[in-house]
Amino acid sequence: SAVISQKPSRDICQRGTSLTIQCQVDSQVTMMFWYRQQPGQSLTLIATANQGSEATYESGFVIDKFPISRPNLTFSTLTVSNMSPEDSSIYLCSVAEQGAQGYTFGSGTRLTVV
Amino acid sequence: AQSVSQHNHHVILSEAASLELGCNYSYGGTVNLFWYVQYPGQHLQLLLKYFSGDPLVKGIKGFEAEFIKSKFSFNLRKPSVQWSDTAEYFCAVNAGYGQNFVFGPGTRLSVLP
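Heads up: the sequence lines are chains Z and R, in that order. Just so we're aligned: 62 in the numbering used here is position 62 of the first sequence, and the numbers increase by one with no gaps anywhere. Offset between the second sequence (1-based) and the numbering used here: plus 1000.
Just so you know, these hints were derived from the structure itself, not from any lab. Every residue, glycine too, gets a C-beta built ideally from N, C-alpha and C. Check before you lean on any hint, since a few could be wrong.
Anything over 10 angstroms on all C-beta distances counts as not near chain Z; from chain R, calculated [stated by the list, open to error]:
| hint | residue |
| --- | --- |
| 1 | Asn1024 |
| 2 | Leu1046 |
| 3 | Pro1113 |
The calculated DSBU-like cross-link candidates involving lysine-lysine, where the alpha carbons are at most 35 angstroms apart (straight line), are [unchecked claim]:
| hint | chain 1 | residue 1 | chain 2 | residue 2 |
| --- | --- | --- | --- | --- |
| 4 | Z | Lys7 | R | Lys1069 |
| 5 | Z | Lys7 | R | Lys1058 |
| 6 | Z | Lys65 | R | Lys1049 |
| 7 | R | Lys1071 | Z | Lys7 |
So, partial list: chain R residues that the calculated Cβ filter (under 10 angstroms) puts toward chain Z [stated by the list, open to error]:
| hint | residue |
| --- | --- |
| 8 | Val1004 |
| 9 | Asn1008 |
| 10 | Tyr1039 |
| 11 | Gln1042 |
| 12 | Gln1099 |
This is chain Z alone, in the form it adopts within the complex (with noise of 0.2 angstroms):
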């Protein structure tokens, strides 16, 4: 299966700031998905990012303060823009793997807002 690797694994922000998240597979993956597990909940969708085209956004979500792009078919980033405390969770890449049709995820970047 693909290995992500995803950082910063972990990183401490002021509020008003903003904090880029790299996912980096290796290998080529058509789809790749950005999802937020706030603290004590489950994993929720933020966006899809494919190759060569805008991300999708899920409701909830926008492209303003959640940035993405996908510039290559092994890597993408993830900005979490303009900061506040609520915005402290973790965040995953995933992938899925054509053929295989496994799905993989990053070990995820833990963000605390102060």
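Dock chain R against the given chain Z, drawing on the hints supplied.
What follows is chain R alone, placed relative to chain Z:
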């Protein structure tokens, strides 16, 4: 829209007890079903998955799950739990390859030594 419910928020068992975690989903079409585990401080790991075929699926670490289509259920089982099984367990569904997951709210399992 798809939705996933998990019967228990928190389950407490003693070592060697049997485990069954309930999962029900709501979706009218064909779905793929998954169970993920998240050990304390660690990332999600796939326990098992069902795409088609034998509805009884065996996964890692002695876990298995049974897909009952008529009940829209995919319950996770383990005959004898260990302290190391203490973790959060998430049931998830998607509608096919390349589709996003819908996760259940999770069930926290605490196994007492």
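Hint by hint, here is what the structure shows:
1. Asn1024: holds (15 angstroms)
2. Leu1046: violated (7 angstroms)
3. Pro1113: Non-interface label on proline 1113(R) holds, nearest chain Z Cβ at 24 angstroms vs cutoff 10 angstroms.
4. Lys7(Z) x Lys1069(R): violated (39 angstroms)
5. Lys7(Z) x Lys1058(R): At roughly 33 angstroms apart (the allowed maximum being 35 angstroms), lysine 1058(R) and lysine 7(Z) satisfy the hint.
6. Lys65(Z) x Lys1049(R): holds (33 angstroms)
7. Lys1071(R) x Lys7(Z): violated (41 angstroms)
8. Val1004: Where the cut-off is 10 angstroms and the nearest Cβ of chain Z is about 9 angstroms from valine 1004(R), the hint holds.
9. Asn1008: violated (14 angstroms)
10. Tyr1039: This interface hint is violated because 12 angstroms lies over the 10 angstroms limit.
11. Gln1042: For glutamine 1042(R), the interface hint holds, since the closest Cβ of chain Z sits about 8 angstroms away, which is under 10 angstroms.
12. Gln1099: The hint holds - glutamine 1099(R) has a Cβ within 10 angstroms of chain Z, the shortest such distance being about 8 angstroms.
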